[in-house]
Amino acid sequence: DTEVTQTPKHLVMGMTNKKSLKCEQHMGHRAMYWYKQKAKKPPELMFVYSYEKLSINESVPSRFSPECPNSSLLNLHLHALQPEDSALYLCASSQEGRGAGVRYEQYFGPGTRLTVT
Amino acid sequence: AQKVTQAQTEISVVEKEDVTLDCVYETRDTTYYLFWYKQPPSGELVFLIRRNSFDEQNEISGRYSWNFQKSTSSFNFTITASQVVDSAVYFCAHLTSGSRLTFGEGTQLTVNP
Numbered sequence: 001d002t003e004v005t006q007t008p009k010h011l012v013m014g015m016t017n018k019k020s021l022k023c024e025q026h027m028g029h030r031a032m033y034w035y036k037q038k039a040k041k042p043p044e045l046m047f048v049y050s051y052e053k054l055s056i057n058e059s060v061p062s063r064f065s066p067e068c069p070n071s072s073l074l075n076l077h078l079h080a081l082q083p084e085d086s087a088l089y090l091c092a093s094s095q096e097g098r099g100a101g102v103r104y105e106q107y108f109g110p111g112t113r114l115t116v117t
Numbered sequence: 001a002q003k004v005t006q007a008q009t010e011i012s013v014v015e016k017e018d019v020t021l022d023c024v025y026e027t028r029d030t031t032y033y034l035f036w037y038k039q040p041p042s043g044e045l046v047f048l049i050r051r052n053s054f055d056e057q058n059e060i061s062g063r064y065s066w067n068f069q070k071s072t073s074s075f076n077f078t079i080t081a082s083q084v085v086d087s088a089v090y091f092c093a094h095l096t097s098g099s100r101l102t103f104g105e106g107t108q109l110t111v112n113p
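Sequence lines, in order, name chains A and B. Mapping the first sequence onto the working numbering, position 43 (from 1) lands on 43, and the numbers just tick up by one. Mapping the second sequence onto the working numbering, position 89 (from 1) lands on 89, and the numbers just tick up by one.
Be careful, since some hints might not be right.
To be verified - Negatives, chain A to chain B, calculated, CB over 10 Å:
(1) K36
(2) S65
(3) E67
(4) P69
(5) N75
What the hints assert, rightly or not - Restricting the straight-line Cα-Cα distance to at most 27 Å, the calculated cross-link-like pairs of lysine-lysine (DSSO-like) are:
(6) K19(A) to K53(A)
(7) K3(B) to K36(A)
(8) K38(B) to K22(A)
(9) K3(B) to K9(A)
(10) K40(A) to K19(A)
(11) K40(A) to K53(A)
(12) K3(B) to K38(A)
(13) K38(B) to K36(A)
(14) K40(A) to K3(B)
Said to hold, decoys possible - Quick list of the computed label-pair ranges, beta carbon to beta carbon:
(15) T117(A) to T80(B): 44 to 52 Å
(16) E105(B) to P69(A): 33 to 41 Å
(17) K38(A) to V46(B): 14 to 22 Å
(18) K16(B) to P69(A): 45 to 53 Å
(19) Q95(A) to N58(B): 41 to 49 Å
(20) D22(B) to Q82(A): 31 to 39 Å
No lab work stands behind these hints, which were simulated from the structure alone. Where a beta carbon is used, it is the ideal one built from N, C-alpha and C, also for glycine.
Please construct the entire structure, taking both the sequences and the accompanying hints into account.
Rendered as structure tokens:
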């Protein structure tokens, strides 16, 4: 089973709202990722969690706050977003290669289409 | 720095034609990984293949085949006898010892009936 699930599928929020995106995988992967994708562009990495610890933050504004409650779940908390934050938010997971070891493919969820009004 | 170039922004073919999607990468690392992903209109990125830098063997999977050539830093993807369901954006991507997956800009493939 190579499935990553994301909820909700669509989200419309105002600039003063607080909302959360959720991601779940049951493949035993210990690396999880958040990406942002604008229309007609490739995904851009936002955050990486490795063994439930934040390992990469690509200088993302603090209005995006990730959380990894356990090895299967990944959340992205949203607060005071701007209209330019409207995008497709993709979650992914992969096996974790330690140090300079093997690297593995990432499996992506279907994404959450976020519109900020 | 890592860079992936997909020079073909859009390709349009008629069903049953063969089509090749080009991917050229730049890296200073001796160990790296290359990937192809498919993104249909629904939005989900679908993993197609992973290739390691030390394995230049070409691969065939059904109608899909990949040609990896380190001498030209290319990792091209061919779809044989294309079908309408192959219509999607295809991304080539590169990964080194870190966890940052570098994507190309993508190629929009449209297969017309």
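Discussion item. Could you work out which of the previously given hints the structure breaks and list their numbers from low to high?
Written reply: 9, 11 and 19
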